[in-house]
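S.K.: Given next are the chains, with one letter for each unit.
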Amino acid sequence: MQSYLYFPGCSLRTVARDFDDSAQACARALGVELKEMQGWLCCGAVFSNVADNIMTNAGPNRILARARSEGDTLVTLCAGCHNVLKRANLQAGRNAIKQEQINEFNEEKYEGGLSVLHFLEILRDRVGFSAVRDAVKAPLQGLSVGAYYGCLLLRPFDEMKLDDPHRPSIFEDLLVSIGCTPVDYPSRTECCGSYLGVGSPDAMALLSRNVVQSARSNGARMLAVSCPLCKYNLETSQKQDLGVSSDSQPLPVVYFTQLLGLALGAEPESLRLDPLQVQAIHGGMHTTLENVSQT
Amino acid sequence: MAYPISAEVLTNPLLHKIKTISGQNLSLCYQCGKCSATCPLATQMDLMPHQIVRFLQLGLEQVFDAKSYWLCATCFSCETQCPRGLDVSKICEALRTIKLRNDLRDLKIEKLPPEMPQQGLVSAFRKLSPY
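Which chain is which? The protein sequence lines are C and D, in order. Mapped onto our numbering, the consecutive letters of the first sequence carry residue numbers 1 to 295. Mapped onto our numbering, the consecutive letters of the second sequence carry residue numbers 1 to 131.
Chain D extracted, bound-state conformation:
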């Protein structure tokens, strides 16, 4: 699939927003792919972690169509490997946060596994619901 890119990327408000929410400087990434090599769920992702960063560097808002940032479990494996000091889990969190702040996903309380420890339930609400 072709993704047209243009110089407008430099003024794309999406980039600024991701930087503000994640605190991460996306231009540091030089696409070595170590984050994707270590991510335990990379095989299940439509866009792998380094590709998410690349899409954002190029200002491609199609990144929101990916499911991968909902699969990030914030295990910080990528963070321990990145030679540029980036934390991709924070970038995935920023993508989720933008969606959630627009109320675009709703976690139904009746869908929660009843035996799951509170720790899991609270985490899920913090990560996957807009509340």
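Looking at chain C on its own, in the form it has when it is part of the complex:
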């Protein structure tokens, strides 16, 4: 059995329990242990974008130091946490002077040696999508899903290196392995508005609406995401549009682990899928199957 240290992060332990629980269910079904690391704390949500202040690197470096004392691979799920921890880890190797200052401040030493991997990378590179396909018990045959990458899984590209920043496929390849039909749509790597929901809610809504419309107009029946904030923005902008927009039904937004879990045979309740989401998934599959049988 493969075993990895796991960093859940704040959102996954509160508003995004559905992401946490469904990922654990997927891991169990695939024979992978996600072992929660000891003493984790908030990663800081955003990697510092300023060069002259190292305080904001203290948190992620504490996490890395504690994880390193337990193992050599740290797995993340939330795209935000992943971006912060992966970049803090790289910086530790690239900037020795800065790292020494951070370590002295923290009184916890991190000197590298950890791989920070997203769960998608574990599925692609350690488990393998062909093994995922073999483990599928109930393929989501023909379900048209828009894989939404957003920003933080992919960019900055020279640091994240998850996939090609312009034409990524890791998300779609996973969806194919569980029977879905991924939808190619132009806005899949565009920003959902991130934290702008706080200071500039109209700007957030503009960006999220663009993502939803782009996916919908290219045939998506739902969106699969890997970030609690993306999910919140994509859902919130649609709630605001209810009654205003001509689209009668909102486009459901689920975590990719909820679709994967369902395909691996987990119960919808254990994946925290609500009845409406389950209905949307089954509805999407049936419609497409009918279309297939007619042709």
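Simulated from the structure, these hints should not be mistaken for lab results. Ideal Cβ placement from N, Cα and C applies to all residues, glycine included. Incorrect hints may appear among the rest.
What the hints assert, rightly or not - Residues from chain C shown here face chain D by an in silico Cβ test under 10 Å; the list is partial:
| hint | residue |
| --- | --- |
| 1 | Cys10 |
| 2 | Asn103 |
| 3 | Arg155 |
| 4 | Thr189 |
| 5 | Ala203 |
What the hints assert, rightly or not - Sample of chain C residues lacking proximity to chain D, with all beta carbon distances greater than 12 Å (derived):
| hint | residue |
| --- | --- |
| 6 | Arg13 |
| 7 | Asp21 |
| 8 | Gly59 |
| 9 | Glu70 |
| 10 | Pro165 |
| 11 | His166 |
| 12 | Pro201 |
| 13 | Gly219 |
| 14 | Lys231 |
On the provided structure of chain C, position chain D as indicated by the hints.
M.R.: Using the frame of chain C, we list chain D on its own:
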């Protein structure tokens, strides 16, 4: 609107400050505009990303009057496109940081959407408040 420029730009402390905070070398920019072409919020901006850089290159402190750097969501789209290796999101962050370090904007906790994930709340405080 006319913006007078002079040779004093070379000694303008603003440029030095932006360089120190952002770590970006502004003179690399040759104004191709790819950052503005890819920025998902360029249509909503009073100064587009490449114009922000141009204002700074010319030492024009009027750049602070723009609202655009508060609209930057740090999505790094500009960074993937820049042929000169500049990251305009870091320049926008530097402009925000200068304002915030002077305590010129205050994020009110009661204005925060209560259902927003912690990830969003923490990000907003990190980006939009001086704390």
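S.K.: Of all the hints given earlier, name the ones this structure violates by number, lowest first.
M.R.: 2, 6, 8, 10, 11, 12, 14
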